[in-house]
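Chemist: Here numbering that gives the first Met the number 0 is used: the first residue of the sequence shown is 0, the next is one more, and so on.
Hint data in this document are derived by calculation from the structure and do not stem from the laboratory. Keep in mind that a hint or two might mislead.
For lysine-lysine, the following BS3-like pairs were computed, each having C-alpha atoms within a straight-line distance of at most 25 Å [what the hints assert, rightly or not]:
| # | residue 1 | residue 2 |
| --- | --- | --- |
| 1 | K65 | K20 |
| 2 | K27 | K65 |
| 3 | K27 | K2 |
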Amino acid sequence: MTKEMQFFLYLIERYANANNKVTGDVLKEWDDHNITNEIFDNYEMYHQERIENAFADINSLLMVGKHAW
């Protein structure tokens, strides 16, 4: 498993936990908004930031379709 995939799994599990959701539901929500690949592709940024910053960016992608930065 690549380091990007390991981090993606970590990120989605932490995001689900922080939002009191099931991981599968989070993945479905991301897929429904067509942002799953965008989140995965932002490994370089997300793994260097505080996890809360990654969550804020993901929430921005979900709400307005744009990165928070």
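Chemist: Tell me the hint numbers this structure goes against, listed in increasing order.
Modeler: none
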